[in-house]
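Visitor: So the protein sequences, as listed, match chains A and B.
Residues in the first sequence are numbered consecutively from 15, following my numbering.
Residues in the second sequence are numbered consecutively from 931, following my numbering.
Hint data in this document are derived by calculation from the structure and do not stem from the laboratory.
Fair warning: this is a prediction, and the values are worked out from it, not measured in the lab.
Warning: the hint list may mix true and false statements.
[What the hints assert, rightly or not] SDA-like mimics (lysine to any residue), calculated; alpha carbons at most 25 Å apart, straight line: (1) 2043/B x 107/A; (2) 1827/B x 77/A; (3) 1422/B x 2043/B.
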Amino acid sequence: MLSVLVMNDPGLTLEQATFCKTGDPKRPAVVGTPDGLAHQICDDDLSRPAGVDSDVFDAMTGLHSTKFTAGGVSDAIPTGWYVRVMFDELINPDVEELVEVIDDKGVPTDTFTGHINNTKPVVLKCGGVDVPYDGYYSPSGNAVTWPVGPSLYIAPIDPTSVATSASCTVEIKPDVIVDKDNNPVPTDELGTGGTYTFSLAGLQFTGSSPGASADLTMPDVTDPAAPVVISFNGAIDPTSLSANEVKLETVATCDQAGAGTAVTPVIAANADGDPLSLDIADAAAPAMKAFVAGKTYRLTFVDGNSVSDIAGGTGTIPTAADLTICFTATP
Amino acid sequence: MNTKLFKAFMAVGLLAGPSSLLHSTDASAQTVTAGALRGEIKDKAANNEGAAGATVVATSASLQGEQVVLTDEKGLYFINALPPGIYTLTIYYSDRTFSRGNVQIQIGKEVVVNVTVDSAAKQSGGGGKEGKGEIIEIQGSAPIIDQGSTKIGVTLTDDYTRNIPTARTFGGVIGQAAGSQGDIYGTSIAGATSGENTYIVEGINTSDTGFGGLSSNLPNEFIQETEVITGGYNAEYGRATGGIINVVTKSGSNEFKGSVFGYYKPGAFVSGAKTVQREGGSIDSANNLNYNYDLGAELGGPIIKDKLWFHVGVNPNVTQAHTTRIVQSQIDENGDGVPDKDSKGFTKHEFVSRSEIPENFKTYYFTGKINGAINANNQVQLSAFGNPRTAKDLNGITRNPADTRWAYDDGAYDVSLKWTSKFNEGKTEVDAVAGYHRGFTTEKPYSSSQNVPEIFYNYERSLNDFADLENNLTNATTGQSCADGPTDKYAKIRNCPVTAYREQGLGFLEERVNDRASGIITLTQRISTGAAGYHTFKGGLELESSTYNAKHYYTGGEILRRNAADTMTTQGRWQERTFVAYQSTLTAEQRMTLANSTDPNPLGLTNDQNLCSAGRAICKRAASIQADTKNRSIGSFLQDSWQVLPNFTLDLGVRYEQQVGYAATALQGTVTGDGETVPDRAFTLNNLWSPRLGFVYDPTSEGKAKIFGHWGRFYENVPMDLNVRAFGGEIINFNVLNAKRRPTTDAMYDPNCHVDHGNPDLVSALGQCNDRASQGTAGGGIEYISPGFRGQYTDELIFGTEYEIMADMKLGLNYIHRSLPNVIEDISTDGGTNYLITNPGNNFDGEATKLDQQSAQLFRDSGCKSLDDTTASCNLDKLGLSALTESRANQLRAVKKFDKPVRNYDAVQLTSTLRATKQSLILASYTYSVSKGNYPGLFSTETGQNDPNITSLYDLPDLMANRYGNLGLDRPHNLKVDAFYVFDLKKAGLLTAGGSFRALSGIAHNVLGASPHPGYGVGESYLLPRGAAPRSPVTTQLDVHLAYGYPLSKTTKLEAFVNIFNLFNKQDELNQDEDYTNDFANPIVGGDMNDLKHVKHFDDAGGNTNTTVLKNKNFGNTGSSNGGASLQAPRNVQLGFRLTF
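For reference, chain A alone in the conformation it holds in the complex (with noise of 0.2 Å):
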């Protein structure tokens, strides 16, 4: 065992280590990724655990160092993350089962997909719950590609299940694992405590459709039949936003502070269907229509509340001074 990384890019492009075994040259350090960059895997010292390396650049000198800061995954994306559990050599590739992909038309394709579902190969739990998961094998590369390898690919069946903010561990059943001389993981490299932990990122606001303003004075101009569409990084709960801690308002004019006039918010799960954004429109609205049409609508909310994912995690939600959006349902 070499390393374990943990999905903690918004863009699902990189993976960090949490956990790094020390003293093994084997491990990865640097490798090129696929946006053309290297991406540090592990220090390059060999006696640090998984950490962060950040440039420090000396104006006086012009000289960079590096800064090196330990720790594991504390910031895993709630709706995609998975884990990648990298080994020192190839291990017994029955760990995963194949199944074979059937087109459109019904026929074979020669190709096959991997599973690991039924073989469960580790404990993964989050919250101290078991988390149901699928995965596969890939035997394929080494420290310096991109992904490392061989791993294990461990992905949550439902990553919503699983709160923000929580505490996960893996831990791996030395019985499935063993490589292709039936050798089971050394027990000084399955962790501490004989698991690999990492956290989820917490809930948090990510966008908003209309924007947040950025003149006041220049309000967006959107369809009255769409909904103001607030954004999250995990998958909202709508009903823990309450309408009485969204201020929205019918303004002449939004950088008029206070001016307007109050209309009673309607708070629900995304009409399109995405987990991670809930709704807002105007309770007074007519029918199939989100806001009154040529009316101009402040939203913001109401400082120091918060909301929840579907699976109990919670977050703050932006404070006025933070998000206001401004438009105006076009006539």
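Given the coordinates of chain A, assemble chain B onto it according to the supplied hints.
Guide: Structure of chain B alone, referenced to chain A:
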């Protein structure tokens, strides 16, 4: 060693170093166009003491005039600079005249001929007869063993090429040397790739300046001798990490001699070639010869007897051939949706149609030579020769039938001028050679309609998709068709699958001219040091100036590749590949805009523009890249053949070389997108010191045996492809078109991006596609050379012995070890964004620290307060250079993380040689060798990529995985037997029977996938360790030669002959399709076949997936992934005649 002489020669070399005008490249011009003779004259009447003061005169039809020397006080004599031929020694001693004939001199060899005379005998001496005033003839033959050096290899004479069934040119016969084998670009020697050989013709280096290897070539009838040196050579030879091929053409003589000859190989006498069936495809092919003939004549004679001779020759060679392109359909008789297989596991096919693709080649060989002798000690030679060719050749079969051919002209012209002077009774010799070599290649479309962008579908689809291009996809007789559909007989399968189909265009083409002007001067001095023996010092200075002027272009200016078909859920994307050139460096304002904008195209670049130089510059599409480059180099050497004892010689030598490579002329002094000024000199390889140590011991003291050893270092001559590709302004831009795969319902959907074959204006549409994303650029126009990088070299150790078991016959046993401790390659430490040319695996930390300091100084000089300072006082150019220098420091630190290069060749050779006489010859060898490592040489033996020192082999760390193993030229068993015998039928003439037998192990095969990095792709990912797949079988071949000659007069003979090549018509496998998949996949490090089925592929944007790769159905079958031949050529018969006079 004479230190004064050593210093003198080395000083000349060093003075002409970096600051001199005398530096040059490829300094391989050699003066070894002659042989040497030495021995002892003993006087029987004086108890076999040395006959001091005897006059020794060497004469030969090959020699203008005669060479005269006196024996020293020990009776020893030495004659240098003898043209190859049969000599007679005439010895004048004590008022008597003795003659010893039948002494064969070969180029580069030193023959020991000891002669015992009897100054007292009246009637006989040495077995001969004497009368008053008569010549006493002494019988005997010269030993066959070269006592002068530790060289191993073979010398091929006219006797060999006339009587053994061989190829028609010297380039085709050098494979006779023990341990040699063919590779896809020529002849490999001692585990090295063919581009590592140096070819010397008439004393000048005729190797290709661009890629190394053979450039000039001549028919055997024009050749006097071809010496193939496979190892153990002294310091006079350099710039080669393979072998040395030393060729001397025929000269005139005092008599008019020549020949008229013709060869004819009719297609009707060629056995049918096996069709190489490609699994998973529907287009197969077979190559067939229509005819090959050549008719030539060569004539030599005196212009002024003993003073001025001439030799001329001309030999046009014409080949007409054709490739049969066969379209076949898969079948599915049982309707299970799986194509039916035959009992051998091959897919069954039904014939659909065929077409014939003609090819023709015309080569015009010529030679002309003048030899002049001012006197016996001053001789001059002027030689000119060439081999220009025109070709209409096959370009590929998996493409539009209208585009299967292309045209090219190539070949070479050479001129050589040589001067030899002797002084000091022959003990001092000066040789000077000046030469000019021009090689050229002009690739061009066969027709103007081909000068359009190549459109390439890099996935399996139906050939019927291209029915508008394919003329006949339905068999009129059987009705079998490539059309799929419900009325199709085999509705559940794709009848005619085709992968990598090219719709139009030819892709990459090149026009190049490769010149080399060379000069070499050598001084040979023989010195007697009394009890310490004799020294033969030889020192030389070599200068060369080489050019490689190239125009590179894509037909139609681009290559368009569709990577995948539309599926139910995703659309296929295109890749657009173009040459681009720097247009402008970003202004400070543009940099700010780029840094702060979220607009996908904040600079408003047009579709023919892209960012380059890591985002610091704008490049614009270029129709072609013109790179005119040159090299200068110098070589100097000093060697001493120290004859410590008459039977023990030490060969000591040292060689110094320097090579300076220049950037393309048009780029010198310009500023790159990185803000650097392009220097004139791209790189300098200094201090290439090559020591050579050897010994030769003759336990018989009669020249009939030798035990020898040799250790030497040999530096590579870096071919100029590196100048053109790394310092010629080449930047290739890759864009993904239809990048976002927007559905048709998307407001941003661009129909110009979502196109396929059938669109009448496909190229134009893609040109207007706005859904495009940069995949990056390959090459930066000018690559970075790591400071402190060193030359590429081979170390060699040889031990061997030879013994003359009977007159004219010897046996030999050699052990050879070669390693390749240091290579030059380009690498990238940042996933292919930046490259540097360096020595992979070496430690450059010290140089990196220097760059850190330079970077810091640049930053301080910039006046900037931070890395993102945008104030007016901040000099952004210096800030950019600071960042660039820092990034290079980081790259240098990573060089040591690359695998060290390994290429270890170990061989044991057993040889048997019966020297060619008028009656017979035997050349036989068996070599057992092991060649392992991770670096095959100057080209990739797997993909065929021929970019010396800048192949993809080391480009990325992840490409290195699994590369160690049995190399692509590892063939453990290599047996060669060539022989002929002449039956003298007296008045009825002469009957000659000759034969050539070869047995050769097959190569170990690989399991390859496509690298997920853009710009690499198919065959670049070693899914399993090198050589993990089984070897091809051992191949054998017997060729025979039968000739009948009839003497028309005493000097004129007419001979008719037949050569039958591959008598038993063995068409065994030579190569396999090694591409396990065309999908992108990473290597399984240390894996085996059981792991393969679990390999997952990447999507075409580099994302990993949970879907296994699609196995190439043809994997492991006879085929080729590197462009080499798949099968042995079928039996073919060549008829010929030769009139000699």
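Visitor: For each hint, tell me whether it holds in the structure or not.
Guide: Tested hints:
| no. | hint | result |
| --- | --- | --- |
| 1 | 2043/B x 107/A | holds, 23 Å |
| 2 | 1827/B x 77/A | holds, 23 Å |
| 3 | 1422/B x 2043/B | holds, 18 Å |
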